[in-house]
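Asks: Below are the chains, spelled out letter by letter.
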Amino acid sequence: MTAMDVDPIVDDYLKRLSAAAAVLPPDRREELVADIRGHIDAALHEQGASELDARNVLERLGPPEDIVAAADDRDQDRPATRGRGILEIAALVVLAAGGFAVPIAGWITGVVLVLMSQAWSTREKQIGLLAPFLILYLPILALVLLSGPGMNVGPIEALMLPAIVGGGLAGLVGAIYLALRLKSKRV
Amino acid sequence: MLALLRERERYGFELVRTLSDIDGMVISEGTIYPLLTRLRGEQLVTTFWQESESGPPRRYYRVTSAGLAALDAFSREWAQFRDAVDRLLRPGEHDDRNGR
Numbered sequence: 001m002t003a004m005d006v007d008p009i010v011d012d013y014l015k016r017l018s019a020a021a022a023v024l025p026p027d028r029r030e031e032l033v034a035d036i037r038g039h040i041d042a043a044l045h046e047q048g049a050s051e052l053d054a055r056n057v058l059e060r061l062g063p064p065e066d067i068v069a070a071a072d073d074r075d076q077d078r079p080a081t082r083g084r085g086i087l088e089i090a091a092l093v094v095l096a097a098g099g100f101a102v103p104i105a106g107w108i109t110g111v112v113l114v115l116m117s118q119a120w121s122t123r124e125k126q127i128g129l130l131a132p133f134l135i136l137y138l139p140i141l142a143l144v145l146l147s148g149p150g151m152n153v154g155p156i157e158a159l160m161l162p163a164i165v166g167g168g169l170a171g172l173v174g175a176i177y178l179a180l181r182l183k184s185k186r187v
Numbered sequence: 001m002l003a004l005l006r007e008r009e010r011y012g013f014e015l016v017r018t019l020s021d022i023d024g025m026v027i028s029e030g031t032i033y034p035l036l037t038r039l040r041g042e043q044l045v046t047t048f049w050q051e052s053e054s055g056p057p058r059r060y061y062r063v064t065s066a067g068l069a070a071l072d073a074f075s076r077e078w079a080q081f082r083d084a085v086d087r088l089l090r091p092g093e094h095d096d097r098n099g100r
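Heads up: the sequence lines are chains A and B, in that order. Counting in the working numbering, the first sequence runs from 1 upward without gaps. Counting in the working numbering, the second sequence runs from 1 upward without gaps.
Think of the hints as simulated: they come from the structure by calculation, not from any bench. Treat the hints with caution; some may be incorrect.
[As the list claims (entries may be wrong)] Covered by chain B, according to a simulated footprint, are these stretches of chain A (three or more residues, beta-carbon under 8 Å):
#1 30-42
#2 56-66
[Stated by the list, open to error] Pulled from the structure, derived: some chain B residues nowhere near chain A, Cβ distances all over 12 Å:
#3 4
#4 22
#5 65
#6 73
#7 83
[What the hints assert, rightly or not] Label pairs and their calculated CB-CB ranges:
#8 A:30 to B:81: 35 to 43 Å
#9 B:35 to A:131: 31 to 39 Å
#10 A:123 to B:82: 34 to 42 Å
The structure presented is a predicted model; accordingly, all values stated were derived computationally and were not measured. Positions of the beta carbon are idealized from the N, C-alpha and C atoms, including for glycine.
Assemble the whole structure, with the sequences as input and the hints as a guide.
Replies: Laid out in structure tokens, this is it:
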């Protein structure tokens, strides 16, 4: 039994499992790791504990990430327990209009509010915040920089203008996307 | 799983391997443990620890009376489903033979 603790393959597997299980509530994580450790212990005890045996046992168990995914039922809980609250509405309003009302700072405030909310998944936040910024802000920045000499603007204006226009538009587009995602969860 | 536990209580590794050997569709044996935890959460099984003669203590699973009731209900539904599918398939087989 102590052999398994020094067995680097098993150790590595359990570390991967434990890391992947960080998304679970602490008691569920502890139980899952203990269950899998017990399974490996029993398997090696009954079938032999060579490196090949260990590899076979881990192979049959499957990737730690798959096991954690099977244990993770938060996705099913989320739509039922989390809805549209004051935070979400404030986040959307500030994100949509903040960039126009107070350039840059308004948009950043909206972003922070969205990140604070748990109504959207990490993926939705990435799409809603990052994608419009990259699609709108960067091209406008590039446009201004390229045509800078002709437009006769200084370097500070060259950076500020796309931030005001692009940041405002990016916030508006992102807010529309996030609002639609929120709406689809309520149905 | 409940059917396996109806015969007798089993410990995790034994249960997982038996299930995995019967059902060739279990790809990742590890995913059975979260399922067992869920069954325990629904109080269809209980667990207890027991020393083994050799080796580490084992966590045993035992089906509860609620678990037996759920198994019974499922068995009846499954039998109905199976009969319905059989009725659908048998005329098909018959026609097939006549067709040849």
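Asks: Going through the earlier hints one by one, which of them does the structure break, listed in rising order?
Replies: No hint contradicted; all consistent.
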